[in-house]
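Asker: As a plain string of letters, each chain reads:
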Amino acid sequence: MSKKRVVIIGGGAGGAILANNLPFDEFDVTVVDRSPYHYYWPWLLYVAFKGSRKPMKREIRELLKPGVKFIQSGAHSVDLGNRKVILENGKVLEYDHLVIATGSRPAYDMIEGHRKIVEKYGDYHSSEENARRVWSTINSLKQGTFAIAVGGDPYRCPPSPLEGVFLAEEFFRSRGLRDKVRVVFAVPYPRPYPAEPMNEVVEPILEERGVEYITFFTLDKIDEERKVAISMEGEELKYDALVVIPPHVGTDIKISPEDVLTQDRFIQADKFTNNIKGYDDAFVIGDASAVPVAKTGVTAHLQATVVARRLQGEDARNNGRTNCPFDLGYGLGTFVISDYNNPVVKLPPSRFSHMAKLVFAAAYWDMIKYPELWNPIFDAYFEATEPAKLRRIYV
Amino acid sequence: MTENKIRVDARGMACPGPITELVKAYRNAKNGDIIEVLATDPGFKPDVEAWIKRTGNQLVEFKEEGGTYIAVIKVTAKK
Ligand SMILES: Cc1cc2nc3c(=O)[nH]c(=O)nc-3n(C[C@H](O)[C@H](O)[C@H](O)COP(=O)(O)OP(=O)(O)OC[C@H]3O[C@@H](n4cnc5c(N)ncnc54)[C@H](O)[C@@H]3O)c2cc1C
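Chains as they are written, first to last, in the numbering used here: chain S, 495 to 889; chain E, 221 to 299.
Keep in mind that the hints were calculated from the coordinates and are not lab data. In this text, all values refer to a predicted model and were calculated from it rather than measured experimentally. No false leads were slipped in.
Derived list of chain S stretches under chain E, where covered just means 3 residues or more per stretch with a C-beta under 8 Å from a C-beta of chain E:
hint, stretch
1, 676 to 686
2, 725 to 731
3, 780 to 792
Built from N, CA and C at the ideal position, the CB exists for glycine as well.
If we strip away everything but chain S, and leave its shape as in the complex, we get (with noise of 0.2 Å):
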């Protein structure tokens, strides 16, 4: 029997890890990036807020079992129904079963003046200098406003937002200039934290610190001159430096047939198997689909792993399960657990949630590169922790 050739297009946490999972004498597997580098994003945080300098990138290459080939190339165009990507290197490849992991991106167009801050006080949802460029500006605000707005939907990691601000006011608070410089958070949603549960555990937090924060603020437009955030319905922030978590649009591939893409570019898919709509053949995972999850590695992780069992012959099928480390800052954290079928577990603080993402972040790429070490521990944990268990105890 011939090998089926498996064509995964993205090197990132889905993509890798679903490439480490295939048994070789079964498919043959090419991976597709067009960067040279898998980069761990959640270490943005720690650039933007701890100045940190390790390292947060790994050549694919080096990631990818021996068997794995690996094309370093931007994916051009996928057509569904002829079974083929078409390589910006002009290549073309042919295959059995497609996974489109291309991850998602910010968009800097859709809110009137955000490049122009993003370049002035950088973020923490793009890239390495971007996150260099938050670490300076809060090392040189004395006094004033320091903002952080949500700036639209979607976004990597739900608690990412929140985390940017608890760190940020543990800093000007060790800096000893909390009584000078006031931290402020705008959100669109009614509260800090979109799901209820999980903003009954931050929302005292944020106020017992001192944070303030803004709600059903829709960030409109940036007047930098004025040095204002303007709402959708016409309201003002006034900042001395503003942070804003970018909205993200999917893929750049250029996909026939057309129809399965949203309008911001995510592919839609089946949200138990990460089919791609009307193909049983080619899958979409991670922050590239359009299923009701959110866009975090650990879903990423999940849907690999599923994928890797269909592609087997099993019947494997996602639940929705979250698991996102919630930093809050002083050395405490906590998980936002929740499934298709249960709502986010009120999970209180503890140190060790927070020891647990930091240990987490150590072993990230030994995970991706051994799964069959890993994957009955992480079979273990989220058996331990599912949110049915969960919401017994924390109510």
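Since the structure of chain S is provided, determine the placement of chain E with the ligand on it from the hints.
Answerer: For chain E with the ligand alone, coordinates are given in the frame of chain S:
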């Protein structure tokens, strides 16, 4: 000016929650557009009501059908 109907399916979304999908549709909408959101999250109803009250947009209809909440909103408050 033509009015659009935007349909958003947020069923099964617990985190970050269906309200984020409404906000996203709102960003891309213009006055006169209709946004219809489908959700299963139990917190959705009070959130939509609070959102309508604060932003000044119009709730045309809110109904529940077989475990799915459906909110029909008319965008009217954009400056
Ligand atoms: C500040 C921050 C904090 C976060 N914290 C957490 C956290 O604590 N926990 C968590 O689970 N998640 C967290 N995340 C989210 C997590 O990083 C992403 O959800 C995860 O990386 C998604 O994986 P992915 O494989 O879908 O996409 P990515 O990892 O983004 O990989 C996509 C890959 O596709 C490639 N690509 C794109 N387009 C093309 C093309 N046309 N052709 C070829 N290649 C292409 C890119 O170069 C990239 O390598 C955080 C993110 C940020 C920004």
